[in-house]
Structures are given as C-alpha cells and as structure tokens.
Amino acid sequence: MSAPARLRMEAIDKRFGATIALDHAELELGAGELHALLGENGAGKTTLMNVLSGLYRADGGRVWIDGRPVDIHEPRDAIRHRIGMVHQHFELIGALSALENVIVGDEGGGLQLRRDRQARAVAELARRFGFELDLRARVASLSMADRQKVEIVKAIYRGVDVLILDEPTTVLTPGEADVLLGTLRTMAAQGLSVVFISHKIAEVLGHSDRVTVMRAGRTVATVRTSATGERELVEMMIGERLVRTAAPPPRAADDTALLRVEDVNVAGRGAAASVDGARFSVGRGEVVGLAGVDGNGQRELVEAIVGLRRTTAGRIEVGGRDVTSAAVGERLARGLTYIPEDRMGDGVMPSLSVAENLVVGLHRFVMHGGFAYRPAAIRARAVAPIADYKIPADAATPVGVLSGGNIQKVLVARALAIAGHGPTKLVVAHNPTRGLDVRTTEFVSGCLVGVTRAGGGVLLVSSDLDELMQLSHRLLVIFRGRIVADIRAGEFDAYRIGRLMTGGSI
Amino acid sequence: MTALARRRLADATKYVVAAAVATVAGALVIALMGGNVLSAYRSFLWSSLGTAGGFAQTLNKMCPLLLGGLAVGMARRAGYFNIGVDGQIYAGAIAATGAALALERATTPALAVLVVAVGVIGGGLFAAIPGALRAWWSVNEIFVTVMLNFVAAFLTEYLTTGPWNDVMAGEAITRLIPDAATLPMLSVRAGSHVGIFIALAMAGVVWLLIERTRWGFEVRALGDNARAARVAGIPTARITFAVLIASGALAGLAGAIEVTALHHRLILGLTPGYGVMAILIAVLGQSQPAGILVVSFAMAVLLVGSDSLQRSIGLPASAALVFQALIVLSVLFVDARRAVRPS
Amino acid sequence: MTLFVDPELLRLMLTMAAPLVLAGLGELIMERSGLLNVGVEGMMAVAAACAFLTMLKTGSLTVAAATAVVAGIALALLLALYAVALASSQLTVGLSIFVLGTGLASLLYRVVIGVTTVTPTTRTLPSVAIPGLAGLPFFGTVLFTQNALVYLALLLVPALAGFFVLTPLGLRLRAAGENPRALDTVGVDVRALRYGAAAAGGALIGLAGAYLPLAVTGAYSDGMIGGRGWLSLMVVIFGRWQPGWALVGAVLFAYTEALQFKLALVTKAIPPQVLLMLPYVVAIVVLVRLYRGAEPPRALGQPYRRESRV
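Protein chains in written order, with the numbering used here: chain F, 1 to 506; chain S, 1 to 343; chain C, 1 to 310.
Treat the hints with care, since some could be wrong.
So the derived label-pair ranges between C-beta atoms look like this [to be verified]:
| # | chain 1 | residue 1 | chain 2 | residue 2 | range |
| --- | --- | --- | --- | --- | --- |
| 1 | S | PRO163 | F | PHE365 | 20 to 26 Å |
| 2 | C | ALA74 | F | ARG136 | 40 to 46 Å |
| 3 | C | ALA192 | F | ASP116 | 24 to 30 Å |
No wet-lab data here; the hints were simulated from the structure.
These figures come from a predicted structure and were not determined experimentally.
We treat Cβ as the ideally placed atom computed from N, Cα and C, and that holds for glycine.
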C-alpha cells in the first residue's frame, strides 16, 4: 500500500493501578478493509478499542488518522474524528425508544425535539445497510439482534469512517452471525474501515481481510487472513499449542435422575410466562447443556431450579426429593449448587476475604454452636482450595481485588465443596467460562467434567454453543420459555441448533 | 512499610484532617460570635474533661450516643440505614416509663431490670415495623423510620402532656417513676450513672455477635452483597427483620436508661437529636464497635463542651450538629481522593 | 360529611401542597438525572432560615425567596460535587447534608436573632385572586385565590412534563439517569448534565423551604419543615418519577394535613397529637401499597466512573 493507512495506533500503553492492560500495543487499518482483532479474553482487545473510542485515556503512544497525529481524550473527540464503536455490552437505554437511543446527544438542535424529521433520517440510514427497524419500539422489548442493529445505526448516524464492533456475534445465533458479518463486509465495500473484536478463530478466518493478534496487552502480529491458518493463529494467541482437553466421559447406562424438572412454569412480565412447561432431567454422570439466546427464559428457569424464584406450576426434584417450594438453603443442603452468571453481582461478597467467600453457603453445615465463627478455622479451611485451584491470593485477601478468572475459581471451588457435602451432587452453571482466558476456561470445564466423573450431574446453561457441544452429553434448546429440543451428543449440528434457538423448526 | 500499616496510617490521617477541619471551623464560629478562641477552647475541654461533674456529664451523654451509634452501625453492617433511632429511643422510653408507672406498687426486687427490659422490647417492637416492611415487602427503611420518628415524638408529647403528666412539675413532663425502678448512680456527687457501663458492655456484645457468631457472618455477607447472600442460601428476609429489631432494641435500651438512670421520668426532648448524631457516629466509626466507641466519646465531649460555650458566648447547641456534618464531609472527601490515587 | 370536601379545606390543601410539589419536582429533576438526594429536609431547613432572616432584614419577599433559592442551589451542588466528582456514597453524603442543613439553619437563626422573649414575625405572601376565575363557585375559592407560589408550583408540573418529553435537554437528562455510559459514548457531558440538574432541583427545593416562613407562618422555628423534605422523596416514588403523578401524591399528603388541621378545630374528642401523627402514618401506608412496581431510573444513586472496567 502506497497511501498512508487510514488509521494507525502506535505504542499504546494503558495501566489500571498496578495492572498493565496495554503494553506498546499497535494497530493499523486501511480504508475499505474488514479487519479482525483476535485474542483470548483478557488480551487487551477491548481496552485498545476503548482507547480509540475515547472511553479510556492512554498513558502513552499516539494515534494517527490519514497520516496526521490526533488527540483522543474523550468520546466526543473520537466522534469528531469519525470513529464509532458498538460495545459488547450494549450501551442502550431500555426505557427509551430505538429512535431516542440513536439520536440522543445529536438531536438536531433547537429547543424542541423534532422526532419525525429525525426518524426519517435514521430510517434512511438503516435502509442503506439493509436493516429493518421499528424506531418507535422501546429498546427493552427488542431482541438482542435488533438491539445490536440499534447500536450499529447509533454509531453510523454520527458519520463514521471507522467502525469498531466488540465481540458482535456473542449474542447472536450462528445464522444471525452470518448475516451480521455479511453486512460488515458490505460496509467495508462501501469504503468504511471495519474492525471487529473476536476470540473465535473460525469466524475470523471466514470473514476478514487481515487479522491482528493480541496477547497479554501486546500486539503479536498482523497478517493477511488468506495467508494464515488456525494452528498459526492459536499459537500467536496463547503462545503455545493447546488442545482442548475437557470432554465428557462416556456415560454409563444409569437411570438415576439427580434433577427432575416436570412441567415447570415461571411467571414473567405481564401475561406471558417466562418459562412454560419445562420438562427434563439430569442423570448421574451426565452433563446436560441448555442452549438459547439470552433472554429466552434460561435465567428464570435456572433461578427457579436453584430456589431464587418461585414457580407457578410444576415440580422440581433433587435426588428424588421434592424441592419445589424449598428455600435456597434447603436445596444447598441436598447438594444442589449454583455457579451464577454474574459473578460480581450474584456470586461473591467483594469486601469479605477469600476464605469467607469459600465458606459462605457451606457455613451452615460447618459452623456449629455458639460463637461458631472462628477466623482461624475458616482460614485453615481455605488453604486446600487455594492450593488446588491455584488461586494467587492469601486466605485473608478481600476477594474484590482478584481478577475475574480467579473470582470464578473461588465460585467454582465453593460450588463443588457444597455439592460434595450433600447427598446429591448437582451443579447448575450459568455461563461459567464467560470472559475467562483459555487456561482458566479449560480448568473450569475440567472441574465440571470432574463432577460427573465423581457421580454427580451438571446442568450447563451457556450462550457459547461451541462450549456446549464440546461438553454436553445431551443438549436442550430453550426458546420463548419452552424446551423445544433434546438432542444427544453425536447429533449436534450448530446451524440446526441455531435455528431452533430462534424459533425455526427442525 | 507493609500495605496494612500504610492503610492504617491513611485512615489515621483521615481523622486528623477531619479533626483539623472541625477545630478550624469551630474557631471561626467562636470568633464570629465575638469570643476569644483560645479561652473558649480551654473552657470547652475543661468543662467536659477537667472537672468531676463535667466528666460525669460526658459519660452520661456518651451512653445514649454509644448505644445509638451501635444501633445504626449494626444495621449498616447488614446494609441498612436506620434513621429512626430517635423514634426508637422514645419508644423504649415510653415502654419503660409505662412499665414503671404500672408497677408503681410492686415490690419486685429487680424492678429496674424489668423496666429496662421492657424498654428494650419496646424499642425492638417499634423497629419491627420498618424491619418487616423491608424484609418482606422491600419497602425502603429510610423513609419508614423517619416517619415513625415523628409518630413516636407525638406520642411522647401526648403522654407527657396528657395521661402521665405531672401537673405540679410542668408542661411536658411525666410523674416520677418509683425509686425501685431507677438505676443506681456511679458517683452521686459527680452525677454519673451506671448507664455507661451497660453501654460499654453492649459494645462488646455487639462485637461478639457480629464478628464471632454464624448469625453475624450472615449479617456481614448480606451487607456486602445481598443478592449473593441469597444465592448462598442465607435467609435474607429473616436476617433483615432480626437486625432491624436488634438495632431498635439497642436504641430502646438507650431510651430506657435515660428514663431510669438520668431523668427518672419521661420528658419531651428526652433525645435532643441523639438519633441523628448516631448516624454520623456510625459513619465515622465505620460501623465497627471500637470506632463507634471512640467517636461517641468524642461526640459526648463535643456536646458537653459546647454546652459550656453556649453559656459563655451564646453558641447554640445546633452548632454541634454542624461540626459533626462537616467532619463527615471532610472524611468523605479524603476517602474519595485516596480512592482516585491508588496506593 | 361535607367537612371532607369543604372548599375551604380543599383550598388549604392546595396551599399546603405547594411546598411538597416544589420540593418533589426539585427532587424529581435530580433523581431523573441519576442523583439521589436524601438531604432535602436539611436543604429546606437552611432555605427557610435564610428566607426568614432575609425577609426580616430587608422586608422584601422577592429578595428573601432569592436567598433561599441560592441556599438550595449551594447545598445541592455540594451533594453533586461529592456524587459526581468524588463518586462518594450518595446516601451518606445526603444524610450529612441533612444534618448539616438542620444544624446550620438553627445556628444561623440563633446567631442573627440571639435570645429574645418575643418571636419575630414578618408579613406573608398574600393570596392573589385571579380576576374573573376567582368568582367561580367552588373552584374559585379552591383554585383561583391562592398565593403566587402555589400558582407557580401548579404551572411547573405540566412545564416539567413537557420538558422531559419534548426537548433535547430533557431527553439527555432522562438518559443520564438510566445509562450514563451510553450518553458518555455519544459525547454528551454527563457531569455537566448532573450538575445542572442539581442546580435546578436545588433551586426548587430552596423555594419549597422558603415557602413555609414566607407564605404560611411568617416566622421561623427549628423543625418547622416537619418531615416535608422526607415526604418529597415519597412524592417522587408515588409519582413514579413523573411530574403529573407526583402532583397527585403531593396533593394527597396535603389533604391529610389540611384535614388533620380542620379536625383539630372541630372536635376535641381526639387528642391533638394523634391528629398530628396522621399524615405520617398515612404516608407510610401509602408507600407500602405503592412500593411494588415502582421502577426508579436505572442509574439512580450509582456513581458514574468512566474508566471502571465493565
């Protein structure tokens, strides 16, 4: 290329306190290019793009646009330089309409909000890229795919030459993902520089012109997609060859059901139930996966099984015992334990120590008598799990300072300890490896498989289809609160499952 | 210096800064009121710590402040704001006075203990209302406790001017409770009563409860992350209810002691805003009994000292509230600056 | 029975509702932008003291009201400073401002007035009969012979409602309370918005504080705010964060107040203190019935840190 690249990020440094998030990271983008930013979780991809979009301020380095150095200190600067970003966790306002979400901040001036005029402009823009959007709809009522469209339109509305998307296919089915990536290709063809962040190699190999690989805050290499392959990319991503080892053991014929869910209904907002007639079981030594697009009732179903939410009909049995109206504590006592999706919100108590977080939930079974809380005993209890799970902290360290991956290890250790205590060993895990790097992901998956080896069962609810297909003996699909399929390993077909996830038929 | 020592030093600096702010603000106000700053401060400290009578006053005032601070602090550990300590003090005082007057002719040897126990229950029951509402209906306790403050104050006004009124003694004052129902004095000459020992004992009890029992562990877990506590099987509704009742009981105890040890009757104005001060005491003491102990002592010194300043230069009692608020705000400021610059 | 809908009673109701409406709308503006202000009671106290003392010294109702507005803005900006720039716990700061305001009000009064045997008083805001409309039966008395601040309060309700829905600034304010990061990513200055909301809200709360001495009693006493600041928090929840319904809430509480007042005049059977308790008990009961389903702005009370790792 003789002309200067449209965008260049040079030697970008960023620290958060003592943690180095970016270490002389680099990126180079040309016009009309579809560029992938690849790396495992925690490599620094999102941080780098947040610097570019003005959300974070770099501690060092320069950004060049069309050969000229620019300063980007806040989002407004990025917008001025025609850089737009679609974040992984959508930054939308549920209570407002799609139109309002798109135009807020650039309403077209004046004292009065001119909705109709803006609506026409936005609709025109959406049509240019093949989007169909109901602008009047409240964003909270839109599907994930539609919300993503609103986010994209929001970014383009302000006029962009560079469009960044952070893990855009995480919330989409395989079919929807293909459509999106096709749209990105169209945008690139129209002259936009499009960057998308991903940790999925297949996606990157199939849909990009060039790939930049990041690892531990550094840029490892930038290569033309056509000139590289999976092995090479994996090696660049994690610095060594790694084969996914966790896989479920062959299941012995055993009819003991550890968990039985029969015709369970859970109330939802308004008239529609969020879970409708769910019926399935998890057997001894079995990993049962539950696939579905976020927001189709998985959360409500899981919370009902665990005891955080009431059912309006049906029956839940753990180890043969009816627990439908049992409190959470009772279910824990039976050995039914939960690894929640939101580890900071529902999982740990950040100011309490690692030892205390390891024992909470278990405490009712191990603390007896008056003045039962003995700090020394609790710290002693934590020594083994800290070593076994390789948690790099002291028993007395407040859990909140640990990284996401290590916090997840604490939650897994706790869950397995509780499961080990009860008559039944049943672990319900919701997105247990979300946001974790490859090594920790392998570790956690291994722990879950280990549960089945020890005669327990796992209900694995995940939005990561690859993970589900790798680990499950059986795979259920949930759509609009109903279980629409129960597929055995060996018959897994990603596209078919994807269609079931969005209501298509087999 | 180890990380822990560094943190302790930073904490100490916080309080030094706060004390400095208060001293400077105080000096300003004294100067504005036309007084001599140095002699004012000298008489301030002398009147609260230097004389036997003054020190007794300080201890007497420390009692409801310490109990109130413990009440608010305990609720804070569970994540709740009990703004209703004034109302609960009145509730305890009303219950204790009622029991004492009803048992006027009784000859139970431990009448005082019984009367105080009734006061404790009274405070606890009064706090059961916001407790239940928060535990099972998720109604925010801040508003309910504040409203109940007014209810309790009006009830006290009614009782002290109406059915229990001592016509001879004055407007809003009840009859004296029987001698057998009063708590003994520590030093009759100085004027200090045993309430301070009860309060100190309660500080120890609260510490044991929160730091060394399973229940206390659950309270702390709830206060740190209520949702995660539910996931861990902690019965959050029951704990919420119990904690708020316990909080009210501590405040009720304060009210009962004021009646049985200090005034020997129920009066309107029994609590000149102890409940409000208790909030700030708990915040400054970081909801820990040890910190609350120190801060409530300092607050008592502040109150008795400013009483003397009121007599000498006309400084109104409300100044104490202003100083307390300024101290909290400067502590919050220092906290925030420290968070921005991580060590 | 006719006591309950007596035009004089209803007129008193609206007069008593004005401070609740003003403070409620002020708090509503702040909360819609994401700022939780539990210090309203203290802010109103300082505003009341300032208004009364200024009135005493200058004899001008306008200047007195202006002083109260300034006081309200100052304390609200103090809260905003802690909440926005320092990301402190808004509940703790709010409670400190409550104590600070309450103490400061009393302190100011005593410093200026000193110790007197006769309580100083001033004249109050006169009621203005709206020509033509004041002659109407029933509504003439109830609605059209009120003081200027009542009219202002009532007019502010639709004005604020329109502001939120029809103006770009109103849209941004609503967004700031729901998802400040979303607003930040499109380049809107969230901090400035919140400071602005605090100033506007503080002004109204200050005006509400001034109302009691300037329009009702003509005097100042400690504790005269009587929980109305706390009630305004309730008014916002009752109104589900909408100006129109907040007005309904304020009027409801004011009705209980006015009713209690009239009942005290009419019957000696009920002890006066029990009647005085009534509005507070009603407030609790109403809150309990209402609490389900009240959806606050999603970012209410949470400090916004741009660089916090999501």
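Structure-based check of all given hints:
Checking the proposed 20 to 26 Å range against PRO163(S) and PHE365(F) shows it is violated: the Cβ atoms sit about 54 Å from each other. A hinted range of 40 to 46 Å holds for the C-beta pair ALA74(C) and ARG136(F), which are about 42 Å apart. The hint said 24 to 30 Å for the Cβ distance between ALA192(C) and ASP116(F), and at roughly 29 Å that hint holds.
Going through the hint list in order, the structure does not satisfy hint 1, though it satisfies all others.
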